[in-house]
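Asker: Residue numbers (this note's numbering), protein chains in the order written: chain A, 1 to 104; chain B, 1001 to 1194; chain C, 2001 to 2281; chain D, 3001 to 3606.
Hints listed in this document are in silico derivations from the structure and should not be mistaken for laboratory results.
Please note that the accuracy of each hint is not assured.
Claimed, not checked - Cut-off 30 Å, straight-line C-alpha distance, at most; resulting in silico cross-link-like pairs (DSS-like, lysine-lysine):
| # | chain 1 | residue 1 | chain 2 | residue 2 |
| --- | --- | --- | --- | --- |
| 1 | C | K2207 | D | K3501 |
| 2 | C | K2055 | D | K3462 |
| 3 | B | K1087 | A | K72 |
| 4 | C | K2210 | D | K3501 |
| 5 | A | K72 | A | K16 |
| 6 | C | K2055 | D | K3536 |
| 7 | B | K1052 | A | K33 |
| 8 | D | K3454 | C | K2055 |
| 9 | B | K1116 | C | K2210 |
| 10 | A | K16 | B | K1109 |
| 11 | A | K16 | B | K1087 |
| 12 | C | K2055 | D | K3544 |
| 13 | C | K2055 | D | K3580 |
| 14 | B | K1052 | C | K2055 |
| 15 | A | K33 | B | K1116 |
| 16 | B | K1088 | A | K16 |
| 17 | A | K33 | B | K1109 |
To be verified - Restraint-style ranges between C-beta atoms, simulated for each label pair:
| # | chain 1 | residue 1 | chain 2 | residue 2 | range |
| --- | --- | --- | --- | --- | --- |
| 18 | A | L59 | C | D2021 | 53 to 63 Å |
| 19 | B | L1047 | A | L59 | 31 to 41 Å |
| 20 | B | E1084 | A | Y83 | 25 to 35 Å |
| 21 | D | Y3495 | C | T2028 | 22 to 32 Å |
| 22 | D | Y3495 | C | T2139 | 28 to 38 Å |
| 23 | D | F3160 | C | E2235 | 47 to 57 Å |
| 24 | D | D3498 | A | V80 | 31 to 41 Å |
| 25 | D | F3160 | C | T2103 | 48 to 58 Å |
| 26 | B | N1044 | D | K3081 | 53 to 63 Å |
| 27 | C | H2064 | D | I3035 | 38 to 48 Å |
| 28 | D | E3074 | C | S2234 | 39 to 49 Å |
Unchecked claim - Among the chain C residues that face chain D by a calculated CB cut under 8 Å, a handful are:
| # | residue |
| --- | --- |
| 29 | V2049 |
| 30 | H2054 |
| 31 | W2092 |
Ideal Cβ placement from N, Cα and C applies to all residues, glycine included.
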Amino acid sequence: MAAHLSTEEIQRAYIKVFSGLLILTVLTVIAAKGLHFPESWGAIGHILHVVIGLVIAVLKAWMVVYIFMHIKFDNPYIRVFIYIPLFLFSVLVFALTVLGGSTL
Amino acid sequence: MSALTLTHEPVTGIRHGKLGMWIFLASEVMFFSGFFTAFIILRNSNLAAFAKGATELSWPLAALNTVVLIGSSLTMAMAILSLENGKKQRFQLFMFITFLCACTFLVVKYIEYTTKFHHGIYPSTSTFFAMYFIMTGFHGIHVLGGMIPIGWMLSRSFSKKGYTDYGRVEILGLYWHFVDLVWIFLFPVLYLIF
Amino acid sequence: MFDFSWNMLSYFPSSVSTYSDAHDSLFTIVYYLGVGIFLLVNSILLYFVWHYRHKPGATSYHYHGNNIVEFTWTLLPTILFAGLGLYSDEMWKVMKYPSRVPTPDVEIDVVGQTYAWSARYPGSDGILGNRGAKYRSNTNLFGIDPSDPHGKDDIVLTGEFNLPINKNVVVHLSSVDVLHSYFLPNFRIKQDAVPGAWIDVWFNGTKAGKYELACAELCGGGHYGMRGVVNMQSESDFNKWIDAKNAVRKQVLAAEAAQPKAPEPAPAATTAEDAGHTEHH
Amino acid sequence: MEAAVATHEHGADHAHADAHTHEHVHHTSFIRHYIFSTDHKTIAKQFFGSALFFLLVGGAFALLIRWQLAYPGEPIPVIGKWLPDSLVSNGAIQPGFYTQLVTMHATIMIFFVIIPIAAGSFANFCIPLMIGTDDMAMPYVNMISFWLVPVAALTVLAGFFVDGGTAGGGWTNYPPLSATGTGHTLWVVAIFMVGFSSILGGMNYVATVLNKRAKGMRMFDLPLTVWALFITAVLQVLGTPVLAADASLLFLDQVFHSSIFLPENLLISTGNLHSGGGQPILWQHLFWFYSHPAVYIMIVPIMGVVSDVLATFSRKPIYGYKAMVFALMAIAFLGFIVWGHHMFISGMSPLLGTTFMLSTIVIAVPSSIKVFNWLGTVWRGNIYFTTPMLNALGFIGTFTIGGISGIFMAVGPIDVYITDTYFIVAHIHYVLFGGSLFGIFAGIYYWYPKMFGKMYNETLGKWHFVLTFITFNLCFFPMHMLGVGGHMRRIHDPYIYDFLKPFQPMNEFITIFAILLGFSQLLLIANILWCLKYGKVAPRNPWKANTLEWAAPAHPGHGNFDRDIIVYRGPYEYSSPESKKDYLPQWIKPATKTSEKEHEAIAHEG
Ligand code: HEA
Ligand code: HEA
Ligand code: CUA
Ligand SMILES: [Cu+2]
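All chains, full assembly: derive it from the sequences and hints.
Answerer: Below, the structure written as structure tokens:
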């Protein structure tokens, strides 16, 4: 695969992703454990924590999929196997949280 | 009659096994989607219990495991690359590290679980722990499931014939990265966010 | 062999609430729509099948279809169905949206327990006492908060309940164990009783009489037998009935007060009615 | 389990390398050939055989149910006195046993009959043959997919022998009721296994259709059966894992006393073991997120089969082929966003109710498109009334009834009244028996010659259809009336309710025809078994059909084809002016002298 890239280039990409993943892991831990929002922010502080945690996770996941799993180099066709389940997952979550509210 | 050409190149250009693995991974995403949905719903109705549960987990252990899995993903990717380039020893080395990482992950998981049990924490303790045990449990089963072919390929590569089936290793790699990916979400969701 | 009618509408149990009338007319619309479509589609099918049956020497028409036709028979049902959906949504809203629940004239709690229905009336103070799952026990199905004075005079009944007609009755529905479903066929009302949740059901009865209450959600072997009766009475009859119940309840409370207090605070609603209901199953 | 996938499927790539020459002699053992075979046709037959067997078992349970409803409290004839006292009292069905029968009836019919035969047998048999290839993309995965089914069936039926009996919560098994009891645990485990089997099957079908089409075959050259099976496979792959997750969560509640579906302080036996905080309705959401698509898993393949049968025996191209494909896709897509119509009375948010009501009503549109296009297909045809054709026509009639009763239920306010009554039971059987099973009969007769190399008996087949069609309607149509009358489902003895007492004679009527319906199925079994041995030897293309399976030898062996397959046209060129015959198969070269000759030759080949 990825015939247009030399082995060295791919290796460099791998190492970059690996370091990126490590850095993001450290960041997410710092954000969760070290970052305190003022009490007065109330629920917003809590929501920010959730958002930061998830955004970092999505970033990391994207790096894994894009480089390690070769989505970047491979047949673009393969992307549907990622998009469709993600879409269905969001339908489920949207229905049960936004529309469902507290009663489901 | 001469040989038939019913078996030709895959129409999509993606080998059957690899295509199959991607379809399987789509299915796996839905499987974990079920758990994540349940997690979100239960969390929204029991914020307090979930916050309390998360503080009782050991995030340093989980962070360690995150690093271990990320590392194993790298070594797996490198192993595939090495095999593609015919570098047998590098392949063996990287596969071995991957295997080792998987073992480490499971040992850490084992320590985590047993400490929980010692503190009297079981799935019945709260919905948070129910979700914790089932999500990490299924993830652990996936790790274990991945170790079997990793170990098998590794041992085969030491045999006389060696192991050269690049295609299979690539498929295994996809699976392995997916296992890593699930953990990337489990880590913040279970241990960090509350 | 038995009374049979092709007209499905003739099988409805008698209609005794404001809803059941609305329900039956909506059903009638869908029914005639459905029957019409069925007859249309199937008579066309039968005609084609018979008319174009194989005859010696016959050939068929090589034709792949027509996009304008496809478009038409996609659009027409879409309009029809979207119309039906939007039209019925109004009734759905009236039935289900909490914002559309009318101000109650009578308010009761109902819980299902394998395999019986129990109801709680507000008592002489007209207020239902607070309740919480943590107070729930076999002798206090509703989980009445023992520290709430409003709960003391509440009346708990099992199996048969009286309610007034021409009043907005709001039922707060729940269950203490598994799912049940509160089904009043004559009222066209059905709502699952979900443990851990209190769900509002409301209706306005129009005819006095005794109507059967059924459980419509499988709740175990005895599910079939989880029967109750709702006795719809005129307002004055109902008031007489509830006054009598309140009087009995007052006596019981007075007798309890006269006795020395038990050492630990027992659940308040351990009443004659409650005891009566435990032996029911 | 994933390990199995990872290691086996690539092996599959090589497995076919040695299979593509026909002269290649196979020294496979009996076990490899008939039991753990990886040949798609053998696996199809295995699915077929086990599904027929379970049809009898599930049908026998149905007859017990019917007996109880018609004659409550009376001993079951013949077998009543042999059953243990835990199930019967004085030979009459006990309430707990009744709910177990209902549960097992539906579980078997859905998970061990319809899904295995539609998405197992037909998919396995038709996909490789109809796309002109030698086998599935991943034959080993395919084999595992079959063998999980009997194991799962044994697991769930083992429930009858454990303490407390087998699962008794209906096939939907809503917690908290299903959160206790060994029987429920076995049910959950079995569901997980059939689910896994379904996923593995689906993976294979998707990969095969995408990757292994014959030369020249574009996606829009696929017969509708293959399209339908492909779309079904997508549903299997994406829907089933959610059920698996749901089942795992319930398993945790049952075995590890967690409380994912259990709220605080319930007055049930596990009350003191769990902590509370769970959501009973969550189970229903996840369950129906799978199980609504699952009902389409059971009907979509059938829609494909019926399309092919109609085109073949009307000697006419499918009317609106592309519209049919897009309608299938729309059904599959919408199928994922309507699950809540099973939950109108569950207490879910009313806003969700509105959403589900609208989306459900809209899902009737693609179904309407299909029905209209079928009408368009028979219009100006040249119709031959063979047994498959009769069953396909019967399908259209009964499916419209079932579909239209679906519209009643899709309207939320109406569903509030008719849900959990016999109206639903009528709907279920009109779509599943009247729909799926009639379509399956059509498919069985249609492909019988290719599957077994023999012709079925046409007279017997027609008798089977006529008897089944009549008794089916007399059995299930009155159930609509029961439902409108308020007759609840899943009740052991309706007659303790005053308002249901008058329905006893109708229930008796239904039961009589249920028994007749059941015994009519023996004609099918007899036909299949008898003709296996004594049937006429089938020609290569008995129906003079266009699709690729008919290019294969009459009873294809390993590797399927004895000629190279190149596809020149769509699957429905019947009565084309291009050809002198009224059909023009996909594999025949565009009109030349030799291709005419080949066409001629195949038509008469034995
Ligand atoms: C093969 C299986 C199958 C199929 C295809 C369907 C198809 C449909 N089903 Fe059904 N359904 C089940 C199997 C199936 N169902 C089962 C097993 C249950 C019960 C589960 C349980 O609780 O145990 C159930 C329950 C069920 C419910 C829940 C009832 C309840 O429990 O309260 C609802 C509610 O909306 C519903 C709706 C529909 C609709 C709208 C369709 C539509 O897809 C139908 C579309 C078809 C048509 C509309 C007919 C054809 C079209 C025409 C003739 C054209 C002209 C028509 C018009 C212009 C109207 N179904
Ligand atoms: C494809 C699916 C399918 C099929 C084919 C059937 C077929 C039949 N079903 Fe079933 N049914 C369901 C799916 C199906 N059902 C589902 C999903 C439910 C809901 C369950 C729930 O509520 O959870 C249900 C529920 C259900 C009920 C409601 C029970 C209740 O709610 O209390 C009833 C009652 O009459 C019933 C009857 C029948 C009958 C008479 C048949 C007949 O067609 C059967 C005909 C018989 C045979 C085809 C077999 C032939 C057998 C013999 C000849 C006997 C001799 C053989 C031996 C002894 C081995 N079914
Ligand atoms: Cu209570 Cu059924
Ligand atoms: Cu549905």
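Asker: Hint by hint, say whether it matches the structure.
Answerer: Hint check results:
Our distance criterion of 30 Å between C-alpha atoms is met by K2207 (chain C) and K3501 (chain D), whose separation comes to about 22 Å. Note on K2055 (chain C) and K3462 (chain D): the hinted pairing holds, with a Cα-Cα distance of about 20 Å set against a maximum of 30 Å. Between K1087 (chain B) and K72 (chain A), the direct Cα distance comes to roughly 24 Å. Compliance with the 30 Å bound is thereby established for this hinted pair. A hinted pair counts as satisfied when its Cα atoms are at most 30 Å apart, and K2210 (chain C) with K3501 (chain D) qualifies at roughly 16 Å.
A hinted pair counts as satisfied when its Cα atoms are at most 30 Å apart, and K72 (chain A) with K16 (chain A) qualifies at roughly 15 Å. Under the criterion of a C-alpha separation no larger than 30 Å, the hint pairing K2055 (chain C) with K3536 (chain D) is consistent with the structure, at around 26 Å. Proximity of K1052 (chain B) to K33 (chain A) is assessed by CA-CA distance (about 15 Å); at most 30 Å being required, the pair is judged to hold. Only pairs whose Cα atoms come within 30 Å are accepted, and K3454 (chain D) paired with K2055 (chain C) is accepted, the gap being roughly 27 Å.
For the proposed pair K1116 (chain B) and K2210 (chain C), the alpha carbon gap of about 57 Å is over 30 Å, so the pair is violated. With a C-alpha separation of about 28 Å, the suggested pairing of K16 (chain A) with K1109 (chain B) holds against the 30 Å cut-off. A C-alpha spacing of about 22 Å is found between K16 (chain A) and K1087 (chain B), which places the hinted pair at or below 30 Å, so the restraint holds. Our distance criterion of 30 Å between C-alpha atoms is met by K2055 (chain C) and K3544 (chain D), whose separation comes to about 17 Å.
Distance restraint check for K2055 (chain C) and K3580 (chain D): the Cα-Cα separation of roughly 18 Å lies within the 30 Å cut-off, and the hinted pair is therefore satisfied. Between K1052 (chain B) and K2055 (chain C), the direct Cα distance comes to roughly 79 Å. Violation of the 30 Å bound is thereby established for this hinted pair. Between the alpha carbons of K33 (chain A) and K1116 (chain B) the distance comes to roughly 21 Å, so the proposed pair stays at or under 30 Å and holds. The hinted pair formed by K1088 (chain B) and K16 (chain A) meets the criterion: a straight-line CA distance of about 24 Å does not exceed 30 Å.
Restraint check for K33 (chain A) and K1109 (chain B): satisfied, since their Cα atoms lie roughly 21 Å apart, inside the 30 Å limit. A C-beta distance of roughly 58 Å is found between L59 (chain A) and D2021 (chain C), which places it inside the suggested range of 53 to 63 Å. At roughly 26 Å, the beta-carbon separation of L1047 (chain B) and L59 (chain A) lies outside the given 31 to 41 Å, and the hint is violated. Restraint check, E1084 (chain B) to Y83 (chain A): a C-beta distance of roughly 28 Å satisfies the suggested window 25 to 35 Å.
Taking the beta carbon of each, Y3495 (chain D) and T2028 (chain C) are about 29 Å apart, inside 22 to 32 Å as hinted. The supplied range of 28 to 38 Å is met by Y3495 (chain D) and T2139 (chain C), whose beta-carbon atoms lie about 33 Å from each other. In this structure the hint that F3160 (chain D) and E2235 (chain C) lie 47 to 57 Å apart at CB holds, the actual value being about 54 Å. The supplied range of 31 to 41 Å is broken by D3498 (chain D) and V80 (chain A), whose beta-carbon atoms lie about 58 Å from each other.
The hint said 48 to 58 Å for the Cβ distance between F3160 (chain D) and T2103 (chain C), and at roughly 53 Å that hint holds. Roughly 55 Å separates the CB atoms of N1044 (chain B) and K3081 (chain D), a value that falls within the hinted 53 to 63 Å. Against the hinted window of 38 to 48 Å, the Cβ-Cβ separation of H2064 (chain C) and I3035 (chain D) comes to about 45 Å, which satisfies the hint. Distance hint for E3074 (chain D) and S2234 (chain C): a CB-CB separation of about 43 Å, consistent with the stated range 39 to 49 Å.
Residue-level restraint check for V2049 (chain C) holds (minimum Cβ-Cβ distance to chain D is 6 Å; threshold 8 Å). Proximity of H2054 (chain C) to chain D holds as hinted, the smallest CB-CB distance being about 5 Å (cut-off 8 Å). Residue-level restraint check for W2092 (chain C) holds (minimum Cβ-Cβ distance to chain D is 4 Å; threshold 8 Å).
Hints 9, 14, 19, 24 from the list above are not met by this structure, while the remaining hints are.
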